[in-house]
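Number of protein chains: 2
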Amino acid sequence: MAPSAYDAITAPIVAAIDAEMRAIRAEQQPVAPLLWAIVDHQFGWDLPAEAADEARRVGGKKIRPLLMALVAQAVGGDYRPALPAAAALEMLHNFTLIHDDVMDRSVERRHRPAVWMRWGTAQAINVGDGLYALSNIAITRLLRSGVPAHKVVRAAEALSQACLWTCEGQVLDIEFEAREDVTPGEYLTMIAHKSGTLIEAAARIGALLSTDDEAVIAAYTEFARSLGVAFQVRDDALGIWGQETLTGKSATNDLRDKKKSYPVLVAFARAAPHDRATLRALYAREALDDAAIAAVLDILARVDAADETDRVAQTHYERALAALDRTGIRNEAQDIIHHLAQFLIRRTY
Amino acid sequence: MAPSAYDAITAPIVAAIDAEMRAIRAEQQPVAPLLWAIVDHQFGWDLPAEAADEARRVGGKKIRPLLMALVAQAVGGDYRPALPAAAALEMLHNFTLIHDDVMDRSVERRHRPAVWMRWGTAQAINVGDGLYALSNIAITRLLRSGVPAHKVVRAAEALSQACLWTCEGQVLDIEFEAREDVTPGEYLTMIAHKSGTLIEAAARIGALLSTDDEAVIAAYTEFARSLGVAFQVRDDALGIWGQETLTGKSATNDLRDKKKSYPVLVAFARAAPHDRATLRALYAREALDDAAIAAVLDILARVDAADETDRVAQTHYERALAALDRTGIRNEAQDIIHHLAQFLIRRTY
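As given, the protein sequences belong to chains A and B, one line each in that order. The numbering used here applies: residue 1 is where the first sequence begins, and numbers increase by one. The numbering used here applies: residue 1 is where the second sequence begins, and numbers increase by one.
Hint data in this document are derived by calculation from the structure and do not stem from the laboratory. Please note: incorrect hints may appear among the correct ones.
Unchecked claim - Pair ranges (Cβ atoms, derived):
#1 A:Glu108 with B:His111: 37 to 43 Å
#2 B:His111 with A:Phe343: 50 to 56 Å
#3 A:Pro113 with B:Arg302: 42 to 48 Å
#4 A:Asp181 with B:Ala178: 44 to 50 Å
Here a beta-carbon is modelled for each residue, glycine too, at the ideal position from N, C-alpha and C.
This is chain A alone, in the form it adopts within the complex (with noise of 0.2 Å):
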C-alpha cells in the first residue's frame, strides 16, 4: 500500500477521533479552570486554529484510537459508532502518560513541558486523576451511538481491566529497576501488562461493538496482544542501535539512562561470567558514560542481543499477523490494519 493511500484513510478517522474527545471536553461544565487548561494543554488544544500542524503533532499519533476505529471498520462496516471509545481509550493513555512522567520525572512529552514540570507533581496527579474520570465519561457515550447498552457495559470493562494491568505492569517495571535478576521472561510479562494492554483493549473492543462472533474478537484481541509486545520489543531495540544505524548519532539513551530494557537483560542471561561481572559493576553505578556505554555494547554484540531481540518481535509479529488472518476479514479497513501492524514493527525510528 502506498503511504498515500493510507494518509488518506487514516487521516480523516483521526481527526474525527480528536473532535470525539474535544466534544466531549465541551460538554463538561468547567469547576477548575486550570483542570480544564491542563487537559487543553495535553492535547494541543490550547494552540491557535493558525497551528494546526502543530497541534496534530502535539496531539500525538493517536495509535490506539486509530486501531480501535480501523477494528470497527473492517468489522462491522462504520468505525463511527466507536468513536467515544476511541476517545476514551486515548485520553485513558494519556492519563498514563501524565502520572509516568511523574514516576520517571521526564521533563517533557511531544516537546512541551510535561504537565508535572510546569503546574507541579500534586496538580499532575490530580488532573491524571481527572482525565482517567473522563474517560469513564466518555465511554459512556456509546450509548449515544446506538451501541446496545450490555455491550456498553462490555466494553467499559474491557478498558476498565486494560487500565489496571497497566498500573500492574508500571508496579512490575519499577519493582524491577531495583533488582539484578530479572529475567527476559518476565520483562515481557511487564511490557505484555504495562504496555500491551491498551493495544490490546483497542482491537478488542473496536471487534466486540462491531460483531457478537466471539472467534473473531478473541482473533482481534490475540492479534493485538502479540502486536504490543513485538512494537515494545522492537521499541527497546531501536533505543540501543535504532538511531546509530539510521542517524549516525552515538549510543542512545536507554544505555546511557541504565534502562534494563530486553537486549539488555538478554545480555545479563546469556554473557559468559566475566561479562557478566562487568555488566553488574557497570549497572551498579550511577550513570554510563561513552566508554562504559561501549562496553555494554561489545557484550550486547558477544553474545547475539540484537539478533535474540529481533528474532522476539519477529516471533510476536508473526503471531500477530496469523491472528489476523484467523479473524477471516479481508477488506480495505483490514489492509490498513496490516499495513499499521508493519509499519509499527518495520520502523526504523
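With the hints as your guide, set chain B onto chain A.
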C-alpha cells in the same frame, strides 16, 4: 433511635460491603502481587482473622457505601443489588485517599503508615490508579445483581462524574493554598466538589438503582449534596473548637497547619482592617506557634466565626432534611438515613 438499633441494622450492611469488595478483589488474577499487597494494606485485609476489630477500624467507617445501601433499601426494599456499586464507591474513595496522602505528605491513614510512606510515591500513584480501575470493574458487576444494563451505565456515569468533580475540587483546594483572597463562597464550592460529590453520588446511585421515579432520585441527590457541605463545614468547626471543648486539649492542628478552613475564611472576610492585617501576617509565616494560635482564636471570636460556621452547617443540614422529606419515603431504612445524617452533623468528635 437507640444507638444499639442503629448498629444492629448498619453493622451487617457494612460487613456485606466489605465482603463484596473482597469478592471483587479475589476474582482478579494478580499480575503484580505488590499492587494487591498494598490494596490489602489499605483495607486491612492483610490482618489475621483474630484481629477482626482492628481490621474493621483500618477498613474505615464506610459512610458513603453505607449511605448508598441504605437509600437502596429505603427506596427498593433491598440493599443487596446495590452492593457492587457500593463496593465501587468505597474503592474510588480510597483511591482518592491514597493520592491525597501523596499530595498532602500525610504520613498516617487510619493509624497505619500511608501507602506512599511505606512503598514510595511512585507506587502510591500506581496503586491509586489501579484501585480506581478496580472500582470501574466493580460497578460492571451490577449486571450480575440483575440490574438492567442501561442502569449500570447510568450508575457508572454518575460515579465517574463524581470522581471528576472530586478531582476538580482537589485542584481548587491546592490552588487556594497559594491564594490570599479566597472567599467563603469559593470555599463552599470547593468543598462541595472535593468532599461532597462522592456523598452525593452515594445517594443518587442508591436511588437510581432502585426506582425510575426521577423526582425521588433528584430528592435523594439534593439531600446528600446539602448533607456533604454541612458535614464538611461541621468538620472545619471541629478542627478548631471540637477537641478543645470536648477533651480539653490545646487548640487543634487545623490552626497549627494554617489550614484555611471555613471559619478562618470568615475571619479573613469579616475582620476589621487591623485584625485582617494580623491574620495576613500570621498566615504568611512558615508555621503558627501557641501565641499565634491564641491570636487567631481571638480574631475568630471577635467576628463570631464559630456562630457563622454553625449557621452555615445548620442551613445546609436543614436543606438536606427537607429534601429527604420530599422523597416521600417512610420506613425503617429511611429512619436510619435520618439518624446517620444527624450523627454526621451533631457529632462532637
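Failing hints, ascending? Of the numbered hints given earlier, the structure breaks none, since each of them holds.
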